[in-house]
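K.L.:
Sequence:
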Amino acid sequence: MIFLLFAVALAALFFVGSLIALRLGQHLGLRHRKQNGIDGSGGLATVEGAIFGLMGLLLAFTISGALQRFDDRRQLVIQEATAATTAYDRLILFGGDDARSLQNRMKEYLRARIDLYRMPHDFLLLKRAEDFSNLQQSKLIGLKNQLWNAVVAACPQPNYRPACALALPALNSLFDVARQRAAAAEKHPPQIIFFMLFGLVWRAHCWQASAWQRARDVAGYTW
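Letter by letter, the sequence shown follows residues 1 to 223 of full-length UniProt numbering.
Simulated from the structure, these hints should not be mistaken for laboratory data. Source: prediction; values computed, not measured. Think of the CB as a built atom: it goes at the ideal place given N, C-alpha and C, for glycine as much as any other residue. Worth double-checking, as some hints may not be accurate.
Have a look at the derived ranges for each label pair, beta carbon to beta carbon [to be verified]:
| hint | residue 1 | residue 2 | range |
| --- | --- | --- | --- |
| 1 | L197 | T85 | 33 to 43 Å |
| 2 | L166 | I78 | 14 to 24 Å |
| 3 | A184 | T85 | 14 to 24 Å |
| 4 | A11 | L93 | 46 to 56 Å |
| 5 | L135 | N159 | 35 to 45 Å |
| 6 | G96 | H188 | 42 to 52 Å |
| 7 | K139 | A184 | 15 to 25 Å |
Required output: the full structure, derived from the provided sequences and hints.
P.N.:
The structure is reproduced here in structure tokens:
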């Protein structure tokens, strides 16, 4: 909720800043006409083209990076689902009540994982990371430890050793993908990129308004 309010406030600030930049550009265009005359704008188109070109390049890289991060997260979701299916199927190798007990523990862990991402969560601006429920995370860690300890406790039995050789690596892969998803949630573009984008857009508004003012002067408009 805090991040949503921040985004709305930032959009409003950007809109107001754009209006100010347009007005400032108009003022600069009038002053330029008074100092250099209507024809004193040589080379301005080159500067404008460079600014808009750099702004477009930064915007393209930013969007491309966002799409890549989204695709990476989607692949991690698929990997976690695959790892969960594999681990769940291998727990049946323990046989009997032990297998059902371990599978029930794993179901509880997976439900907690699903609930973690379904719950409303915020974004920490200073840490630049997603803020999940601390209570749910603590519950998830507890269920994870219980599942792992239960499987490890069953391994000393001779008839369960082949099952452990398959189940433990599968569970380890499942937990590893969960850590990768947590790390992927903290990958964002450098802040300097956003500052440069805002600065270039603001500067482009100034240049554009100044060019509009000079074009009206050349055409003989007074409004």
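K.L.:
Are L135 and N159 spaced within 35 to 45 Å by their CB atoms?
P.N.:
Roughly 39 Å apart at Cβ, these two residues keep to the hinted range, so it holds.
K.L.:
If I claimed the Cβ atoms of L197 and T85 lie 33 to 43 Å apart, would that claim hold in this structure?
P.N.:
holds (42 Å)
K.L.:
Return holds or violated for the Cβ distance of A184 and T85 against the range 14 to 24 Å.
P.N.:
holds (21 Å)
K.L.:
Assuming the hint says 42 to 52 Å, is it satisfied by the Cβ distance from G96 to H188 or not?
P.N.:
holds (48 Å)
K.L.:
Is the gap between the beta carbons of A11 and L93 within 46 to 56 Å?
P.N.:
holds (55 Å)
K.L.:
I want to verify a distance hint. Is the separation of the beta carbons of K139 and A184 within 15 to 25 Å?
P.N.:
holds (22 Å)
K.L.:
Starting from the hint 14 to 24 Å, judge whether the C-beta atoms of L166 and I78 obey it.
P.N.:
Holds - the Cβ-Cβ distance for L166 and I78, about 22 Å, lies within 14 to 24 Å.
Hint violations for this structure: none, all hints satisfied.
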